[in-house]
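K.L.:
Let's have the full structure, built from the sequences with the hints guiding it.
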Amino acid sequence: MAASAIGCSRRWFRAGNFNFGNVAEPRCWKSLVLASTFFRSASKTAGKQNRDVPWAAVVGLEIHAQISSNSKLFSGSQVQFAAPPNSLVSFFDASLPGTLPVLNRRCVEAAVTTGLALNCTINKKSLFDRKHYFYADLQAGYQITQHRLPIAVNGSLPYSLCTGKNQNELVSKTVRVKQIQLEQDSGKSLHDDTGHQTLIDLNRAGVGLMEVVMEPDMCCGKEAAAAVRELQLILQALGSSQANMAEGQLRVDANISVHHPGQPYGVRTEVKNINSARFLAKAIDYEIQRQINELESGGTILNETRAFDYKLGCTIAMRDKEGKQDYRFMPEPNLPPLILYDAKSLPTHTSHLQVVNIDQLQEQLPDLPSVKRAKLVERYGIQPQHSFTLLNEDGLIEFFETVIAATQMNPKKVIGWILKDVLGYLKQYNVMVEESPISPLLLAELLNLLESGMISSSAAKQVLEIMWNGEGKSPTLIVKEKKLELIRDQNELEHICQAVMDGHQKEVEAIKKGNKKVLNKLIGEVQRETRGRSDPVSVKQILEKQLLLQPTKKNP
Amino acid sequence: MLRASLREISAALKEGQVSPVELCQKYLALIKATKFLNAYISVTEDIALKQAEASEKRYRKGQRLGDLDGIPVAVKDNFSTMGIETTCASNMLKGYIPPYNATVVQKLLDQGAILVGKTNLDEFAMGSGSTDGVFGPVKNPWSYSQQYREKCMRNSSTSNEELSWLITGGSSGGSAAAVSSFTCFAALGSDTGGSTRNPASLCGVVGLKPTYGLISRHGLIPLVNSMDVPGILTRCVDDSATMLGVLGGHDPKDSTTVQDPFHPFQIPNITDTSQLCIGIPKEYNAPGMSSETLAVWSKAAGLFEKAGAKVVEVSLPHTCYSIVCYHVLCAAEVASNMARFDGLEYGHRSSADKSTEALYAATRREGFNDVVRGRILSGNYFLLKQNYETYFIKAQKVRRLIVEDFAKVFSSGVDVLLTPTTLSSAVPYVEFIKEDNRTRSTQDDLFTQAANMAGLPAINVPAALSERSLPIGLQFIGRAFCELQLLTVAKWFEEQVQFPVIQLQDIMDQVDAVSQEEKSASFP
Numbered sequence: 408m409a410a411s412a413i414g415c416s417r418r419w420f421r422a423g424n425f426n427f428g429n430v431a432e433p434r435c436w437k438s439l440v441l442a443s444t445f446f447r448s449a450s451k452t453a454g455k456q457n458r459d460v461p462w463a464a465v466v467g468l469e470i471h472a473q474i475s476s477n478s479k480l481f482s483g484s485q486v487q488f489a490a491p492p493n494s495l496v497s498f499f500d501a502s503l504p505g506t507l508p509v510l511n512r513r514c515v516e517a518a519v520t521t522g523l524a525l526n527c528t529i530n531k532k533s534l535f536d537r538k539h540y541f542y543a544d545l546q547a548g549y550q551i552t553q554h555r556l557p558i559a560v561n562g563s564l565p566y567s568l569c570t571g572k573n574q575n576e577l578v579s580k581t582v583r584v585k586q587i588q589l590e591q592d593s594g595k596s597l598h599d600d601t602g603h604q605t606l607i608d609l610n611r612a613g614v615g616l617m618e619v620v621m622e623p624d625m626c627c628g629k630e631a632a633a634a635v636r637e638l639q640l641i642l643q644a645l646g647s648s649q650a651n652m653a654e655g656q657l658r659v660d661a662n663i664s665v666h667h668p669g670q671p672y673g674v675r676t677e678v679k680n681i682n683s684a685r686f687l688a689k690a691i692d693y694e695i696q697r698q699i700n701e702l703e704s705g706g707t708i709l710n711e712t713r714a715f716d717y718k719l720g721c722t723i724a725m726r727d728k729e730g731k732q733d734y735r736f737m738p739e740p741n742l743p744p745l746i747l748y749d750a751k752s753l754p755t756h757t758s759h760l761q762v763v764n765i766d767q768l769q770e771q772l773p774d775l776p777s778v779k780r781a782k783l784v785e786r787y788g789i790q791p792q793h794s795f796t797l798l799n800e801d802g803l804i805e806f807f808e809t810v811i812a813a814t815q816m817n818p819k820k821v822i823g824w825i826l827k828d829v830l831g832y833l834k835q836y837n838v839m840v841e842e843s844p845i846s847p848l849l850l851a852e853l854l855n856l857l858e859s860g861m862i863s864s865s866a867a868k869q870v871l872e873i874m875w876n877g878e879g880k881s882p883t884l885i886v887k888e889k890k891l892e893l894i895r896d897q898n899e900l901e902h903i904c905q906a907v908m909d910g911h912q913k914e915v916e917a918i919k920k921g922n923k924k925v926l927n928k929l930i931g932e933v934q935r936e937t938r939g940r941s942d943p944v945s946v947k948q949i950l951e952k953q954l955l956l957q958p959t960k961k962n963p
Numbered sequence: 250m251l252r253a254s255l256r257e258i259s260a261a262l263k264e265g266q267v268s269p270v271e272l273c274q275k276y277l278a279l280i281k282a283t284k285f286l287n288a289y290i291s292v293t294e295d296i297a298l299k300q301a302e303a304s305e306k307r308y309r310k311g312q313r314l315g316d317l318d319g320i321p322v323a324v325k326d327n328f329s330t331m332g333i334e335t336t337c338a339s340n341m342l343k344g345y346i347p348p349y350n351a352t353v354v355q356k357l358l359d360q361g362a363i364l365v366g367k368t369n370l371d372e373f374a375m376g377s378g379s380t381d382g383v384f385g386p387v388k389n390p391w392s393y394s395q396q397y398r399e400k401c402m403r404n405s406s407t408s409n410e411e412l413s414w415l416i417t418g419g420s421s422g423g424s425a426a427a428v429s430s431f432t433c434f435a436a437l438g439s440d441t442g443g444s445t446r447n448p449a450s451l452c453g454v455v456g457l458k459p460t461y462g463l464i465s466r467h468g469l470i471p472l473v474n475s476m477d478v479p480g481i482l483t484r485c486v487d488d489s490a491t492m493l494g495v496l497g498g499h500d501p502k503d504s505t506t507v508q509d510p511f512h513p514f515q516i517p518n519i520t521d522t523s524q525l526c527i528g529i530p531k532e533y534n535a536p537g538m539s540s541e542t543l544a545v546w547s548k549a550a551g552l553f554e555k556a557g558a559k560v561v562e563v564s565l566p567h568t569c570y571s572i573v574c575y576h577v578l579c580a581a582e583v584a585s586n587m588a589r590f591d592g593l594e595y596g597h598r599s600s601a602d603k604s605t606e607a608l609y610a611a612t613r614r615e616g617f618n619d620v621v622r623g624r625i626l627s628g629n630y631f632l633l634k635q636n637y638e639t640y641f642i643k644a645q646k647v648r649r650l651i652v653e654d655f656a657k658v659f660s661s662g663v664d665v666l667l668t669p670t671t672l673s674s675a676v677p678y679v680e681f682i683k684e685d686n687r688t689r690s691t692q693d694d695l696f697t698q699a700a701n702m703a704g705l706p707a708i709n710v711p712a713a714l715s716e717r718s719l720p721i722g723l724q725f726i727g728r729a730f731c732e733l734q735l736l737t738v739a740k741w742f743e744e745q746v747q748f749p750v751i752q753l754q755d756i757m758d759q760v761d762a763v764s765q766e767e768k769s770a771s772f773p
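Going down the list, the protein sequences come from chains U and Z.
Each position in the first sequence, counted from 1, maps to that position plus 407 in the numbering used here.
Each position in the second sequence, counted from 1, maps to that position plus 249 in the numbering used here.
Keep in mind the hints are simulated off the structure, nothing from the lab.
Treat the hints with caution; some may be incorrect.
[To be verified] Rough simulated footprint, nothing fancy, chain U against chain Z, three-plus residues with beta-carbon under 8 Å:
1) 299–311
2) 347–354
3) 492–504
4) 577–584
5) 604–614
6) 632–643
[Stated by the list, open to error] Looking from chain Z toward chain U, a few residues come up when the C-beta cut is under 8 Å (computed):
7) Glu294
8) Arg466
9) His467
10) Ala588
11) Leu593
12) His597
13) Arg598
14) Ala601
15) Ser660
16) Asp664
Glycine included, each C-beta is placed from N, C-alpha and C at the ideal position.
P.N.:
Rendered as structure tokens:
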């Protein structure tokens, strides 16, 4: 792939003149707020200060995805989130001397599947290495990883970015995937500062991880966040990882540098352990801005490891010991090379349980998010950006398709009700799709009432609100109880329209003078009068008819 | 009966000539009587007696588990034994009780073997004397043999026992001494650079290092994972085949064991020696070799020649680089393997509690001896990013050349290589400790470590007694996974040389006297 295709047009400028000196202090939260306001006026500010040379940022990601498997990468211990501390620890996980790693086939398959989904070349032979460092939750004193020859290389991850005023313009981007390597997770340390002790939980120690290394093809937090989101959806579609960031199944390290376009890349820093989707873009943008500020105020960037502090909203340099060190890599002597097969090289005499067949895994790949989106657009005629929203929310596609199956309404109209109204409620109250008080079947029933002309669209919204707050009553029942059916009686409607016209003489006059727009106000008044029970089309017709019949007042 | 081979005692047990409990008691008594050898770190008397009782019940019911049922064996103290302290002769693991059995230990127990104890070694098997463990040096039983003592008496300068007692070689010195002094019928050692063959040679017993990948390492506390192989120490070649039959084969817990099915075998008695081709690697005629060893070696070659075998001089041109290369790879893996001993999960933990780093440092300083720490230091140095190419990668390349050396020789028609096992026979402890561990290992592993580098099977067979009446052993190196061929040659040689039995009459009589008094046993 040509590198130029990946270029980024975003330009960064110095954020402002405030002091970033001691980032560990709480005031740096304020700085971030200031910084974000300065983004918008950046070019103006920079221009005034004669610093109009823009900055470009370069962002690369290393993403650790926990493999979804019953047992750990090299031991038979179960994998389970939030189990009692140290309840899922085999002798190997506790690094008892003499224990040996035995590779979990399921983890290998997960990595191969992920590699295939990310358009990687799968290495038929890959190797394991030991990476050494002392840390309390690294029980063996080394991590088994794939340093020399990883399982998958040279892939790519296409993703899309919503841009434009209303975030409804889609821009396609691609980030190159350098490699995917299998490795062990570490345990967890719990530091008890008052008791001056560290507690270790080895439940997570040895759980299989896929480290996905992405080339520095991104240029801002938003792009990185979009790429990570796409990866997350792919992993979830494959089932190779649950990729739940809140449960630590997806952890992001970002390599960040800034430079002036046309000049060599700057010194990069690594922001470690960004474990929240919400803060991913923020952490990266903060670091970019910090580097720009540092450089513009005559400072230098150190090749260091930094952590993002969620509470303070800034990145902080980590202590040296946790940062750069010599890992003294060495081949893992207890694991023979990992050999994978394809249909051609498959040994005939070996049981299929003992070999991993790349071709077979390729055939079994499920639809990836991009394919799912294309299918949604094609099948239902919805907008591409709507397909993104549908995929982005867990369970929303199923919700949408259940509604479609149970309603006569055109999917293009249905999508609006789901994305604007239902999703609006869900977001506002932070509720998951599957926990929605408005079930897809009840929504379909409501949309059918609307579609068949039983109720007006504004009445439908009222019903929807009642459904959101209600106890699962059917929309038909709500309509009946609240008497929200459209007024079918033409005389009654005419009567109401007349009353409205009588009460709004000024408006009537305006219309008659040719200001047709004012008619909408009258329609609205009728709607209010009828609590949404009138069909706007019929009302418009009646009003127009009555306006013609009514004699025009002579101007004095 | 005590001097019987494993096969003989197995037959005697089957016939009911001796009971497992009697046998076990006798052996435990012998272990007590030879305590001064320091061959055992822990003697598992209670467990052994219980196992013996269970075995006896099986025999009574005619439900023998296998050839080893009721037979006392010993295990080097770097194999994990469930519920039994496993120390690696190090402060670091004093008091460490593994919750699981090494696969080889489990296989022995599954056969009904009686575990009488855990044998002494150099700390973490790093050494060639069995002198550098935290429980003190192992004494070579030959120091107390009538053969040697008589020679010492004639030479007044070595008649002082304190000055004349000999080292066993190492690092499996405890196992070799145990087999040699009749306190077990067979013992497990480990062999990384010669740790089974070297003490076997100095103690006059058979020491087999099987092909890498034939026997599971699961539960063996590693020295160098890519070279470690459980070793087998026995009093004759047939016994090592019996043990190999029990221990060999794929283990799902050790991914480096081969998948191919392993077939236990008995060694055929007669070999058509005229079909045999013995290779004599000329590079093994190294400076520092004693003239006696050289003489025994060439005599052995002559023996084969006389019997009609083809004896050819061969070249293993990279032999001289082997030991240096071994040291680099060994140190690197040691540095890595020892990283787990941080005092957190198990083993020694220092009381230093200023910080986690301080705890690590103090724990490791207190837990490891100088030899171990020296290897960790150099290993980490070799693995540093700036040194990795120069040392580790280069050593790996040399290792490849050494492997190719052997491959070429074997593909040229040579069946088995014949070499010395050590430069000379056992030396007195006072002499041995004049040199440091590193220098000693360099000299003592000279002939043995290449087989580990290449993963080949090799066996020490006692060949003759020296001028001072000390054992001199020779080594046979075979093709990978061709243990049958290797042991067949070794057995033929063993029969030819008729190596004398160690005379430990004083000790044996003592035990016999005790048991006579107790009237607890009557041996035919």
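K.L.:
If a hint holds in the structure, say so; if it doesn't, say that too.
P.N.:
Status of the hints after comparison with the structure:
no., hint, result
1, 299–311, "violated (count 0)"
2, 347–354, "holds (count 4)"
3, 492–504, "holds (count 4)"
4, 577–584, "holds (count 3)"
5, 604–614, "holds (count 3)"
6, 632–643, "holds (count 5)"
7, Glu294, "24 Å, violated"
8, Arg466, "7 Å, holds"
9, His467, "5 Å, holds"
10, Ala588, "3 Å, holds"
11, Leu593, "6 Å, holds"
12, His597, "13 Å, violated"
13, Arg598, "12 Å, violated"
14, Ala601, "13 Å, violated"
15, Ser660, "24 Å, violated"
16, Asp664, "28 Å, violated"
Checked against the numbered hints above, the structure breaks hints 1, 7, 12, 13, 14, 15 and 16 and satisfies the rest.
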